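Enquirer: If you're matching them up, the sequences are chains H and A in order.
Mapping to this note's numbering: the first sequence position 4 is 4, numbers consecutive.
Mapping to this note's numbering: the second sequence position 164 is 164, numbers consecutive.
Please keep in mind that the hints were generated in silico from the structure rather than gathered at the bench.
Don't take every hint at face value.
[Said to hold, decoys possible] To spell it out: a stretch of chain A is covered by chain H in this simulated footprint if at least three of its residues, at any positions, have a beta carbon under 8 Å from a beta carbon of chain H; those stretches are:
| # | segment |
| --- | --- |
| 1 | 38–45 |
| 2 | 79–86 |
[Said to hold, decoys possible] Between beta-carbon pairs, the in silico distance windows are:
| # | chain 1 | residue 1 | chain 2 | residue 2 | range |
| --- | --- | --- | --- | --- | --- |
| 3 | H | Glu24 | A | Leu12 | 44 to 54 Å |
| 4 | A | Arg171 | H | Ala34 | 24 to 34 Å |
| 5 | H | Val76 | A | Ala81 | 18 to 28 Å |
| 6 | A | Glu148 | H | Ala65 | 35 to 45 Å |
| 7 | A | Asn7 | H | Ser117 | 23 to 33 Å |
[What the hints assert, rightly or not] Residues of chain H placed beyond 10 Å of chain A at every Cβ, according to the derived structure:
| # | residue |
| --- | --- |
| 8 | Ala21 |
| 9 | Ala22 |
| 10 | Pro28 |
| 11 | Met37 |
| 12 | Ser39 |
| 13 | Ala44 |
| 14 | Pro47 |
| 15 | Leu75 |
| 16 | Leu80 |
| 17 | Pro81 |
| 18 | Ala110 |
| 19 | Ala125 |
These numbers come from a predicted model, not from an experiment.
Virtual Cβ for every residue (Gly too), placed ideally from N, Cα, C.
For reference, the chains in residue letters:
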Amino acid sequence: MNKTGKNHDEMSHNEIDRILAAEEELIPSSGFLASVMESVREEAAAPPPFPFPWKRFVPGMILAAGVLGWGAVELVRYGLPALREISLTPPQISAAVIQPLEQAGWVAGALAVSLLSWLLSRRLAGRSGLL
Amino acid sequence: MIATPKNATEDLADVNRVLAGEVEAFEGIVRRWQGPLINMAWRYCRDRGRAEELAQEAFLRAWRGLAQWRHESSFSTWLFALAANVYRSELKRFPTVTVPLEAALEPSGPAAQHSVLAAQLSADSVRRAVLALPLRYREPVVLFYFHEMDLSRAARAMGLPEGTLKARLSRARALLRRRFPRLEAEHAAMEWAGKEA
């Protein structure tokens with residue numbers, strides 16, 4: 001940048017400083033203090049916020065985790081042999097595989113429902129400000 | 001806005017009383033800081049009614065979080081940082097209506113520069129143009145000039161390193177200069193008019 005350009009920038013820089021620094025002061029309206037104190041008194045008089053029900057939530061979470069874990073184990077137990085059978089004997093699906101597959105399907109369905117209900121409860125709790 | 005040692009002592013006493021359960025002691029804090037907090041909010045939104053609403057919200061948050069003031073900084077520093085957070089988040093939720101920076105009018109016509117009214121209009125245009133800056137540049141400008149061009153206080157209020165704030169201020173000024181290229185001509189004209197008078 002040449003000297004003229006620098007002077008130009010400094011000048012407008014100073015002018016911007018001058019304008020933005022010279023701001024007129026607002027005087028608070030007469031009712032402002034009373035309004036704030038009224039809100040504060042209301043807050044002070046309000047009962048304390050509803051505490052998050054950890055005592056109920058934790059056993060529920062443990063139970064849900066247990067169900068999910070058990071479901072995963074079951075899925076592996078029934079699903080893997082079924083998959084193996086599918087890969088080894090694709091044409092014989094009907095007889096040997098259908099039952100384990102059906103069971104695996106139920107387990108997967110139960111897992112999905114558990115997951116959905118867990119997500120839903122989290123979302124509801126979040127909206128209510130509990131989380 | 002002045003944080004005097006007397007203010008600091010009174011703030012500390014009032015905070016202790018509030019924390020001990022004396023709700024009415026909070027009035028002293030509001031009385032001392034209502035002006036600065038409203039003026040700070042005004043610079044964020046340029047709407048008087050909204051500025052008071054924002055300041056009220058900031059006081060309520062301060063009331064709720066008074067126990068979180070750790071005395072590591074002065075009470076006013078803590079309060080200004082809290083207020084800046086409140087204003088920032090509230091204005092993100094409900095933004096003020098601003099014109100784009102490119103649409104901010106620059107007063108033109110050298111003949112008009114000699115009147116006080118023209119100077120006021122020009123200053124008002126620049127102040128309104130600040131609101132049209134992107135938020136990351138707008139807030140440093142607002143807080144820097146609110147804190148009487150004290151870089152470290154503005155940086156503390158924003159929770160940013162001074163270097164970052166300085167860089168953003170520089171970029172904001174460049175944007176404003178680009179938008180108002182005739183500012184220096186106006187300034188020179190006004191000085192000349194003053195000398196002539």
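Enquirer: Any Cβ of chain A at or closer than 10 Å to Pro81(H), or is the non-interface label fine?
Expert: The claim stands: Pro81(H) keeps its Cβ more than 10 Å from every Cβ of chain A (closest is about 55 Å).
Enquirer: Quick check on a hinted range of 23 to 33 Å for Asn7(A) and Ser117(H), using CB atoms only.
Expert: Given a distance of about 54 Å, which is not inside 23 to 33 Å, the answer is violated.
Enquirer: Could you check that no beta carbon of chain A comes within 10 Å of the beta carbon of Leu75(H)?
Expert: 44 Å, holds
Enquirer: Closest CB-CB distance from Ala125(H) to chain A, is it above 10 Å?
Expert: 21 Å, holds
Enquirer: Is the nearest CB of chain A more than 10 Å from the CB of Ala22(H)?
Expert: 7 Å, violated
Enquirer: Quick one: work out the minimum CB distance from Pro28(H) to chain A and report holds if it exceeds 10 Å, violated otherwise.
Expert: 5 Å, violated
Enquirer: Classify the label on Ser39(H) as holds or violated, using whether its beta-carbon is more than 10 Å from each beta-carbon of chain A.
Expert: 6 Å, violated
Enquirer: Minimum C-beta separation from Met37(H) to chain A exceeding 10 Å: can you confirm that?
Expert: 6 Å, violated
Enquirer: Does the Cβ distance between Glu24(H) and Leu12(A) fall inside 44 to 54 Å?
Expert: 31 Å, violated
Enquirer: Quick check: does the Cβ-Cβ distance between Glu148(A) and Ala65(H) fall within 35 to 45 Å?
Expert: The hint (35 to 45 Å, Cβ to Cβ) is violated, given that Glu148(A) and Ala65(H) are roughly 56 Å apart.
Enquirer: Against the range 18 to 28 Å, how does the distance between the Cβ atoms of Val76(H) and Ala81(A) compare: consistent or not?
Expert: 52 Å Cβ-Cβ, so the 18 to 28 Å window is violated.
Enquirer: Beyond 10 Å from every Cβ of chain A: is that where the Cβ of Leu80(H) lies?
Expert: Answer for Leu80(H): holds, closest chain A Cβ roughly 50 Å.
In this structure, the hints that do not hold are numbers 2, 3, 4, 5, 6, 7, 8, 9, 10, 11, 12, 13, in rising order.
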